[in-house]
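Engineer: The lines below spell out each chain.
Number of protein chains: 2
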Amino acid sequence: MRSLPDQEAEVSRSVLDMSMSLDGYIADPDDFLGGEDGERLHKWASQASETTKAFEEEWKAAGAVVSGRRTAELMDHWGGSHGGLPIFVPSHRPPGPAARWGYPLVTYVNDGIESAMRQAKAAAGDRDVQVRGAYTGQRAIEAGVLDEVQLHVVPVLLGRGRRLFDVLSAETELETIRVIDTPEATHLRYRISTTAG
Amino acid sequence: MRSLPDQEAEVSRSVLDMSMSLDGYIADPDDFLGGEDGERLHKWASQASETTKAFEEEWKAAGAVVSGRRTAELMDHWGGSHGGLPIFVPSHRPPGPAARWGYPLVTYVNDGIESAMRQAKAAAGDRDVQVRGAYTGQRAIEAGVLDEVQLHVVPVLLGRGRRLFDVLSAETELETIRVIDTPEATHLRYRISTTAG
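Protein chains in written order, with the numbering used here: chain F, 1 to 197; chain S, 1001 to 1197.
One or more hints might be untrue.
Said to hold, decoys possible - Residues of chain S clear of chain F, computed beta-carbon distances all greater than 10 Å:
hint, residue
1, SER1012
2, VAL1015
3, ASP1017
4, GLY1024
5, THR1052
6, TRP1059
7, ARG1069
8, ARG1070
9, MET1075
10, TRP1078
11, GLY1079
12, ARG1100
13, ASP1147
14, ARG1163
15, PRO1183
Unchecked claim - Derived CB-CB ranges, DEER-like:
hint, chain 1, residue 1, chain 2, residue 2, range
16, F, GLY83, S, ALA1143, 46 to 52 Å
17, S, ASP1166, F, ASP126, 38 to 44 Å
18, F, SER193, S, ASP1030, 24 to 30 Å
Note that these hints are calculated values from the structure, not bench results.
Each residue gets a CB set at the ideal place from its N, CA and C atoms; glycine is no exception.
Given these sequences and hints, build the entire structure.
Structural biologist: Written out as C-alpha cells, the structure reads:
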C-alpha cells in the first residue's frame, strides 16, 4: 500500500472524486445517492480508519470546488460552502434564489466549464480543485481541464444503477499515480494524460 | 504492493481471469479480442516484468480449465489443451469434429456448469481451475461455483466495446484478497462471498 503523498506545493490540480462499485455504478437507477446501494457505496468513508482520515485531510486541503448544478442543488450547495470552500457551478441557467442571495461563496458561471475551472483554480491558489458530479467531470475531460480522477472502488457488484463510465466515455489514456488498498475499498488515483476522443 | 501469495495446499479454487479497461471493457464491440483495443487491454501481459512472470507462473500452476464454448472455439481450444491442462466446455450442443476427435484433453459437458466445474475440480486435484469467458463466469457465479475473480484493470478508457459487467450482473458481495499495482495494470483479486441476486 502506497501512502498518501504530500501535497506538492504550488501545483493546483483538478480532481474528480467518486465512489464506484466494482461493476461501475456510482448511484441508484434514479441517480440518487441515498438508499441501500448508496450506503454500500459510501460506507467506506464513514468508517473510522487511518485511510478514511487521510482522505478527509486531503479533501479539506482543497482550495475550491467545481460542482455540477444537479449535484449542487441535490446537496443544497452543501449549506452555502463546501467546508468553507468556494463553490463554482457551471450552468447556462441563472441560479435559484438560495444560491443567488443566500450563499456568497457560491458562484454560478454561465460561460462554460473552462471558465468555471479557471475561476476555481484562481480561488484555490496552489491547492486542489475538487470536482463534483460525473457529468461535470465529463465536460471537464472534454475541455481538457480535468487533471486527475480519484476512484474509490468498492468490492461489490450492484447490478443496477447509474454508471460513471456511461457518462465518462471519452477515449482517454490515464496514468496510475497511486493505489491504496484497504478491505473496504481500493483507492485508485489516475492522472489524465491524453484525450483521444 | 502485496506480493503473490503461495498457493494454499489442497484447496482448489475456480478463478475467472479477465483484463479490463478502467471503464469496464473486455473486448471490442464485435466481442473480438484482437485489434487495437484488444492490444491495449493485453499489452501488460506481453511485457517482460516480475509481475507478468509471477502471473504466468500462477496460470501454469492451474490444474484445469473451464471455458465457454465461444471462447474455446475462437481460440481453437488452444490447440487441444491449455498448456497441457484439460479443458471442460459446458455446452448443450455436441462438440465440433476437432473437439470431438482431435483433442483428447477437451471434454464437452452437456449437463450444466456445476457438472463441468465438478469434473474440472476433480481433474485439477488441489490446483486451481481457470475459468475463461465472461458468460461462463456469469453462469458459474449464478450457480454458486465461482470462487474468485482476478481482474487486470488497465488504466485506459476505451469508450466502446463489450463490458464485463453487462454480463456479470448478479448482485454480489466480494472480498478483496489481493491488490498488486504496477504502472501497466492494477491487478485486483476478489473472493466471491455472497450472491444476493
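Engineer: Once the closest CB in chain F is found, is it more than 10 Å from TRP1059 (chain S)?
Structural biologist: Correct as stated: the minimum Cβ-Cβ distance to chain F is 22 Å, above 10 Å.
Engineer: Between the beta carbons of GLY83 (chain F) and ALA1143 (chain S), is the distance compatible with 46 to 52 Å?
Structural biologist: Holds - the Cβ-Cβ distance for GLY83 (chain F) and ALA1143 (chain S), about 48 Å, lies within 46 to 52 Å.
Engineer: Beyond 10 Å from every chain F Cβ: check whether that's true for ARG1069 (chain S).
Structural biologist: Per Cβ check, ARG1069 (chain S) is outside 10 Å of chain F; nearest 24 Å; holds.
Engineer: So is ASP1017 (chain S) really clear of chain F, every C-beta pair being over 10 Å apart?
Structural biologist: At about 15 Å from chain F, ASP1017 (chain S) clears the 10 Å cut-off, so the statement holds.
Engineer: Taking the minimum C-beta separation from PRO1183 (chain S) to chain F, is that value above 10 Å?
Structural biologist: 6 Å, violated
Engineer: Minimum Cβ separation between MET1075 (chain S) and chain F greater than 10 Å?
Structural biologist: 26 Å, holds
Engineer: Run the C-beta distances from ARG1070 (chain S) to all of chain F and say if the shortest one exceeds 10 Å.
Structural biologist: 21 Å, holds
Engineer: For ARG1163 (chain S), is the shortest beta carbon distance to chain F beyond 10 Å?
Structural biologist: 8 Å, violated
Engineer: Against chain F, does GLY1079 (chain S) hold up as non-interface, every C-beta pair farther apart than 10 Å?
Structural biologist: At about 33 Å from chain F, GLY1079 (chain S) clears the 10 Å cut-off, so the statement holds.
Engineer: Please check whether ASP1166 (chain S) and ASP126 (chain F) have a Cβ separation lying inside 38 to 44 Å.
Structural biologist: 42 Å, holds
Engineer: Please check whether the beta-carbon of ASP1147 (chain S) is more than 10 Å away from every beta-carbon in chain F.
Structural biologist: 15 Å, holds
Engineer: Between the beta carbons of SER193 (chain F) and ASP1030 (chain S), is the distance compatible with 24 to 30 Å?
Structural biologist: 27 Å, holds
Violated hints for the displayed structure, listed by number in ascending order: 4, 14 and 15.
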